[in-house]
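Residue numbers (this note's numbering), protein chains in the order written: chain S, 1 to 157; chain A, 1 to 378; chain C, 1 to 288.
Be aware that a few hints might be false.
Below, simulated BS3-like cross-link-like pairs (lysine-lysine); rule was C-alpha separation at most 25 Å, straight line [unchecked claim]:
#: 1; chain 1: S; residue 1: K17; chain 2: S; residue 2: K117
#: 2; chain 1: C; residue 1: K43; chain 2: C; residue 2: K97
#: 3; chain 1: S; residue 1: K69; chain 2: S; residue 2: K93
#: 4; chain 1: C; residue 1: K269; chain 2: A; residue 2: K246
#: 5; chain 1: S; residue 1: K117; chain 2: S; residue 2: K93
#: 6; chain 1: C; residue 1: K234; chain 2: S; residue 2: K17
Bear in mind the hints are in silico, worked out from the structure with no lab data behind them.
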Amino acid sequence: MTIQSFEKVLAEHPFFKGLRPEHLDTLVGCAANVRFTAGDFLFREGQRIDHFWVIREGKVTVEVFVPNKGEVTIETVEGGEVLGWSWLFPPYKAHFDARALTHVRALSLDGACLRGKCEKDTVLGYEFMRRFNQLIVERLEATRMQLLDLYGDDDAR
Amino acid sequence: MQPGDSVVIERVVLDALLAALRERGYETVGPTVREGAIVYDEIRATSDLPAGWTDEQEGGHYRLRRDDREALFGYAVGPHSWRRYLEPPSLVRWRGRRVDGGFEDDLTPGPPPRYAFVGVRPCELAALLVKDRILLGDPGADPDYRSRRESAFLVAVNCGSPAGTCFCVSMGTGPRFGPGFDLGLTELVDDARHDFVLQVGTARGAAVVEGLPHRPAEPADLTAAEAVLREAEGRMGRSLETEGLKERLERSYENPHWDEVAKRCLSCGNCTMVCPTCFCSTVEDSTDLPGTRAERRRIWDSCFSIEFSYVHGGSVRTSAGARYRQWITHKLATWHDQFGVSGCVGCGRCITWCPVGIDITAEARAIGGPAEAAGSRP
Amino acid sequence: MTTPDSGTAPVAAPPDPMWPEPFEVRQVARETGDTFTLTLVPKVGSQPHPFAPGQFNMLYVFGVGEVPISISGDPDRPELLVHTIRAVGATTRALQKLKRGDQVGVRGPFGTRWPVDQAHGQDIVLVAGGIGLAPIRPVVYHVLRHRALYGRVVLLYGARTPHDILYARELRDWRGRFDAEVEVTVDRATIEWQGGVGVVTKLIQRSPFDPSSAVAMICGPEVMIRFASLALEKRGMTTASIHVSMERNMKCAVGLCGHCQLGPHFVCKDGPVFRYERIEPLFGLREV
Numbered sequence: 001m002t003i004q005s006f007e008k009v010l011a012e013h014p015f016f017k018g019l020r021p022e023h024l025d026t027l028v029g030c031a032a033n034v035r036f037t038a039g040d041f042l043f044r045e046g047q048r049i050d051h052f053w054v055i056r057e058g059k060v061t062v063e064v065f066v067p068n069k070g071e072v073t074i075e076t077v078e079g080g081e082v083l084g085w086s087w088l089f090p091p092y093k094a095h096f097d098a099r100a101l102t103h104v105r106a107l108s109l110d111g112a113c114l115r116g117k118c119e120k121d122t123v124l125g126y127e128f129m130r131r132f133n134q135l136i137v138e139r140l141e142a143t144r145m146q147l148l149d150l151y152g153d154d155d156a157r
Numbered sequence: 001m002q003p004g005d006s007v008v009i010e011r012v013v014l015d016a017l018l019a020a021l022r023e024r025g026y027e028t029v030g031p032t033v034r035e036g037a038i039v040y041d042e043i044r045a046t047s048d049l050p051a052g053w054t055d056e057q058e059g060g061h062y063r064l065r066r067d068d069r070e071a072l073f074g075y076a077v078g079p080h081s082w083r084r085y086l087e088p089p090s091l092v093r094w095r096g097r098r099v100d101g102g103f104e105d106d107l108t109p110g111p112p113p114r115y116a117f118v119g120v121r122p123c124e125l126a127a128l129l130v131k132d133r134i135l136l137g138d139p140g141a142d143p144d145y146r147s148r149r150e151s152a153f154l155v156a157v158n159c160g161s162p163a164g165t166c167f168c169v170s171m172g173t174g175p176r177f178g179p180g181f182d183l184g185l186t187e188l189v190d191d192a193r194h195d196f197v198l199q200v201g202t203a204r205g206a207a208v209v210e211g212l213p214h215r216p217a218e219p220a221d222l223t224a225a226e227a228v229l230r231e232a233e234g235r236m237g238r239s240l241e242t243e244g245l246k247e248r249l250e251r252s253y254e255n256p257h258w259d260e261v262a263k264r265c266l267s268c269g270n271c272t273m274v275c276p277t278c279f280c281s282t283v284e285d286s287t288d289l290p291g292t293r294a295e296r297r298r299i300w301d302s303c304f305s306i307e308f309s310y311v312h313g314g315s316v317r318t319s320a321g322a323r324y325r326q327w328i329t330h331k332l333a334t335w336h337d338q339f340g341v342s343g344c345v346g347c348g349r350c351i352t353w354c355p356v357g358i359d360i361t362a363e364a365r366a367i368g369g370p371a372e373a374a375g376s377r378p
Numbered sequence: 001m002t003t004p005d006s007g008t009a010p011v012a013a014p015p016d017p018m019w020p021e022p023f024e025v026r027q028v029a030r031e032t033g034d035t036f037t038l039t040l041v042p043k044v045g046s047q048p049h050p051f052a053p054g055q056f057n058m059l060y061v062f063g064v065g066e067v068p069i070s071i072s073g074d075p076d077r078p079e080l081l082v083h084t085i086r087a088v089g090a091t092t093r094a095l096q097k098l099k100r101g102d103q104v105g106v107r108g109p110f111g112t113r114w115p116v117d118q119a120h121g122q123d124i125v126l127v128a129g130g131i132g133l134a135p136i137r138p139v140v141y142h143v144l145r146h147r148a149l150y151g152r153v154v155l156l157y158g159a160r161t162p163h164d165i166l167y168a169r170e171l172r173d174w175r176g177r178f179d180a181e182v183e184v185t186v187d188r189a190t191i192e193w194q195g196g197v198g199v200v201t202k203l204i205q206r207s208p209f210d211p212s213s214a215v216a217m218i219c220g221p222e223v224m225i226r227f228a229s230l231a232l233e234k235r236g237m238t239t240a241s242i243h244v245s246m247e248r249n250m251k252c253a254v255g256l257c258g259h260c261q262l263g264p265h266f267v268c269k270d271g272p273v274f275r276y277e278r279i280e281p282l283f284g285l286r287e288v
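Construct the entire structure; sequences and hints are all you get.
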């Protein structure tokens, strides 16, 4: 894939929608093309991961291994979404396992590279953090809904 | 004689009226004294009526007293309402029996009881018309009520003895009756006379009166009757400001005052059992011991019980405050949306028969008072 | 009253709505651990009870009791009354124990319908949670049968775990169609589950419908309804084009017993399906 098409991929991805062309241009410098086949781990819990992934197609599970219970899937992330926020803060370590559930095509964006660019261009930095905040808020809201265990009806079981 | 006519009958003629109604196949039901209260029961003659009794009512307080005027209707209302005759507290609505592999109906509805209600107060007449809106609104929804109601003969009595908990003037339902009666009485009793001005409401009412000794009502009789009602209007023990009340209650779902009421309310449901317009009921299915016959009963229910709002997994209204809010908001606000009238006729029973004297008029003021209560919702 | 003094002849009354009519059990099928689907047919000599999507019946087990259950069958096949039921109380557990040939009393159908007729030409967005898929299924049948009348058709379904998914086989069939988008997600799963994990509202965010020309129908727990309609509003829909199905205690089903009140509404006859804008003000209030 060429640099040119990286830019196109980012521009068309919902997460980057509406970002200024010069900012997209900047981000392309931190991007790399990646593929995973079903069963591949994108990252493992505790692993240093100074990346995040822009999922283009396929489905990734975010899971945690619970002794005596096995792997429990917390959520799935699919084409059109992004995965990973450990790159935002030190020590840049993953809290969960992420595994490709299907064939996955993605761009990986380098954390150190991004942090450097965001420090230098605070307008980009603000825009970038705003988008990550929205993502985190959405995931938090979803998690709160899951916590409510809406469809469970414990006294009926 | 025709609807709209007024005549005068002497007190003794009232016995003839009761007899005439019984001859026509009506069971005559009216007020009588039992267990220290005026209740409704079968009355065969005026001697069954609470002659010379009056009542003293306040929040959580009811006492009978002798009254030397010997009036037959010299009191307000007791704990009963006509609801118990038109919607009996427990009524078989269906019966079935087990047959091979299934069940079949086993109930042939008989003819409805034919009641003549004697002594229907104006507030109660208003309550009956409210009930008609609810239970006759959808034809066929409640065939039992329909047949009882259509068979009932109503002898209304204007109210000359409002009690301390009465506020029919505020609700526009009394002390003089509106339409809906077959015959309407106003009792005129003093040292010199004991008569009734009798207004004819329907043709079948006229037919009954034609067979009774009576004379045309003179202007003086009508003036005397009017004076009784004027005097009664001035003796309301309570009042309720209804202007804007619905909107105030609708804004007050989250008013902290509900918690204050909850501290006093016992959730006993007395208010709903004495209310003449309350209509909530439950459906109870049961079987006999061998399980071959089953019965479905409609039983009075109260929105003050926790089970009332039960949906699988739990009840919707678990707090006493929420249940009181439901009751008063229904009566005074959402009733208008549902049936186009208030659910309250100002009879005051819920105040009198509340064991702790919670007063609908005081709570309505406290909740939706003109000075917007803190915490109300915009 | 204007009835004559004697010989009262009551007007010919419609059938008493409190009388259960016997239907025969054709099939009891297990759906999930505590949920089953009951298929009823009219007893010989009885008439079918045609229904509209969204309506419910009162089901009576002889001598045990009666419960309100939404109809989950195909409105174009009214000769089969299909109900999906969770066994949570005495009556629903008694229903679960029924066998082919047993009898169940039926009253109904009652209540308002999903706006399938008013939605012609528009996108259909169905959002269901848990057993809330059951009252939505008649809409799916109807819309797929009359597919040309509608724009895009989207079904978004959330369940607790993969084991709690209702109508799994039908969901697979619907997913296989090219003219409907069917997304299923669960709140939690183990690694064997190949589908999505996450809440149903997340599916709304990226679902391919046109918010300016869509009719949404939501059925599930009240909290899920609130969150789902928020997500639909975020997508640009208005509360006038969102419809929800409500649950309250229903005893008589004809608006006379008072149990199912929700503010000024009787859920049994003003609902269970409401235009969301009508009841939204009551939604944020507690214990109403």
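Checked hints:
no.: 1; hint: S:K17 to S:K117; verdict: holds (19 Å)
no.: 2; hint: C:K43 to C:K97; verdict: holds (19 Å)
no.: 3; hint: S:K69 to S:K93; verdict: holds (24 Å)
no.: 4; hint: C:K269 to A:K246; verdict: holds (23 Å)
no.: 5; hint: S:K117 to S:K93; verdict: holds (21 Å)
no.: 6; hint: C:K234 to S:K17; verdict: holds (17 Å)
When the structure is compared with the earlier hints, no violation turns up for any of them.
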